[in-house]
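Please put together the full structure from these sequences, using the hints given.
Line by line, the protein sequences are chains A and B.
Quick note on full-length UniProt numbering: the first sequence kicks off at 1 and runs consecutively.
Quick note on full-length UniProt numbering: the second sequence kicks off at 1 and runs consecutively.
Treat the hints loosely; a few may be bogus.
Said to hold, decoys possible - With a straight-line cut-off of 27 Å between C-alpha atoms, the simulated DSSO-like cross-links for lysine-lysine are:
#  : chain 1 : residue 1 : chain 2 : residue 2
1  : A       : LYS412    : B       : LYS97
2  : B       : LYS67     : A       : LYS379
3  : A       : LYS379    : B       : LYS122
4  : A       : LYS412    : B       : LYS122
5  : A       : LYS379    : B       : LYS97
6  : A       : LYS431    : A       : LYS565
7  : B       : LYS97     : A       : LYS431
8  : A       : LYS326    : A       : LYS14
9  : B       : LYS122    : A       : LYS405
10 : B       : LYS29     : A       : LYS379
11 : A       : LYS572    : B       : LYS97
12 : A       : LYS246    : A       : LYS298
13 : A       : LYS144    : A       : LYS88
14 : A       : LYS565    : A       : LYS576
15 : B       : LYS97     : A       : LYS435
Worth flagging that the hints you see were computed from the coordinates, not collected in a lab.
From a predicted model like this one, the values you see are computed outputs, not experimental measurements.
What follows is the residue order along each chain.
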Amino acid sequence: MRIKDFVFSSPFLKVLFVSLIFLLLFLSSIIYKNTLQVSNSTKWVVHSYKVHLALDRLMLTLKDAETGQRGFIMTHDKNYLKPYLGSKIKVRSTLAQLKWLSSDNTEQEKNIEKLEEMVELRFGYLRYSMYQDSLGSMNKQNLKESLDTGRNLMDTIEVHANKMIALEQYYLEKRNENYVSKTTVTPLLILLIVLFSLAIFSMAYFKINKDLSVMEETNRQLMITNESNRQAEKIGGFCTWTWDLKTGELKYSDNLYELLGCEPQSFKPTRKSFTAFIHPEDRQKITEEAAALLIENKQLIQHFRVIRKDGAIRHFKSIARTIDHKDKRTVIGIMNDITDQNEANFAIEQRNFELEQINGELESFNHVTSHDLQEPLRKIQTFISRISSNDMDSMSETGREYIGKILSAATKMRTLIDDLLLFSRTNKADKIFEKADLNELFQNSLQELAQAIQEKKATVTADPLPELQVIPYQIQQLFTNLISNSLKYSRPDINPAITIRSEKISISQMAPSEAKPDKIFYQISVSDNGMGFDPQFSESIFTLFQRLHSSSEFPGTGIGLAICKKIIENHKGTIKAQGRLNEGAVFTFFLPE
Amino acid sequence: MQTNTIYILLADDDEDDRTFFRDAFAEIKINANVNVVHDGEELMSYLKRTDIILPHILFLDLNMPRKNGLECLAEIKQLEHLNDMAVAIYSTSASEKDIEESFVRGANIYIKKPNDFDSLIKTLNIATTINWQYHTDSLNKDTFLLRIE
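Right under this line is the structure:
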């Protein structure tokens, strides 16, 4: 697996996603905690400030009371006493506030208690000064002492209050240190998370974007494939269906409906709705076989009949098999309407049967005519031979002439029948191919024709011939026919010279129409220096009963070369003739290796 | 009846052929006793008779009504008392199939009915003067077919 494939594989993405979520949660909790601490610090700042404020207010109130008292002592104007009179309640409430603020701090609590004592004492001296003042001028000394002591106490209170403020300041600073260290870490963390989230978001965006374009392309391909499938189904006359075994959902292709003679997707695909179309006689078998498919899990081929919506009975061929993808098993099926094909096959079979019958009849006709004709002919010949040996002398000249003509006609008929028999034998199907040395078969032919060769003073020369898979007696017959043909149509003024050439050739040297591809052929030719023939007859020369000369010139049946052609066809080869009048003829045949 | 008389039996349904056959033997300078039967069934019942002298040579046509030559040949080879009788197939046909079939079924010689009378005389002369013992022992497909044209 390539790295890229692994990175974007779904298990990896899942793990990445989950760990990112955890990381984000972890960071968020840290931030949350820090934020809590920050707000705590702020609270403490406020707290210190409040303590500071309360102490300041306390001092101010005390000073106000002192100033008011002095004013009264100097002027005895009761208006100056106002701050003094309200100050006690003010101081007490401030002290209560201080106590409440410092309820968690024992040191400050002690300080406050001490402060309270001193404040009480201060108020005592204030009252005492007022008392001394009310006694009149004789007690000026005492008043002064009292005022002085008050003054000194006031200083002590101030020192004490300052000490408390300093202590509060100390606490605040201590807390602040904590606060500062945390508040510098927190923004960094937030920044980190933001950056991290941004990175992940952009990665996700990139990935989603990419997936989306891949998906779009895949969708497009899928659409094209679907469309071409649909066309293929329509043209090919088949349809497809899928059956999801997990969900039980069936899907039919549009053409399935059309093959059933319905509008596409005109009914809901269910097993029941399809089974309704199956010919009642085939229904049970098809359902049972389909059930077996689910158990055995292999390919299932079925043939059944379907009754279309319009009532027409059609033959269907169905191929179904299961496919497993992950844990999902689906059955996919292809169905063909093979009615036309069946009918065509049936027609071909019928035609073949008829042809075979006709062929058989022809063959037996050929056999019977040539065979059964032999018997009466033999009798004619025998009777003539008896007449000619016994009664010739007592016959008239004309009678003897006629007998002679009957004899030659009968002999000609005999040759014809023999050749026809040979031809029908060449036609027959029981051909046994065996490896044979063509040189040997050729020598056998020469032996057969030895007398004729000698009579005509002919020379026969031949290349070495190959060893091939052939029907030996037929190839021998082929050589015999071709050589005797050359001997027969020799020129009277010249000794016949017959040459046999053999060559191994590949397909490229032959016209494509003359052989099947990828084959090696032996090209064997028999050429002579005889009378030859007009090139226009080079095709028709092989036709049965085709003769180029009158029988008075050259007796013959016109079967010999037809037999040659038949033999070569039996060997899946070809034969052709080339000739020039009065120059000679070449018969070339090709035999596959 | 002389001791060197040769007993010949012909089974042939064709009257002309029977005549040719008899006439040919009349020309051959040997002591021959020629009997004829007209079809396969008559042949078989004749050969099963006890009051006859068994023929030395049976000339058997293949194409006969009711029971053809090959069927007769098969039956003859089943009968022990006919073991010494030579069977010469005597037929118009010279098809490979017929020749092979009769060879396989145990005929001793195959004669294609000749086309003229002189050849017939020659052929029958040879057929009756063969040393059957020697011929049968060295029988093969080439010597089996006797053909004189």
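Which hint numbers doesn't this structure obey? none
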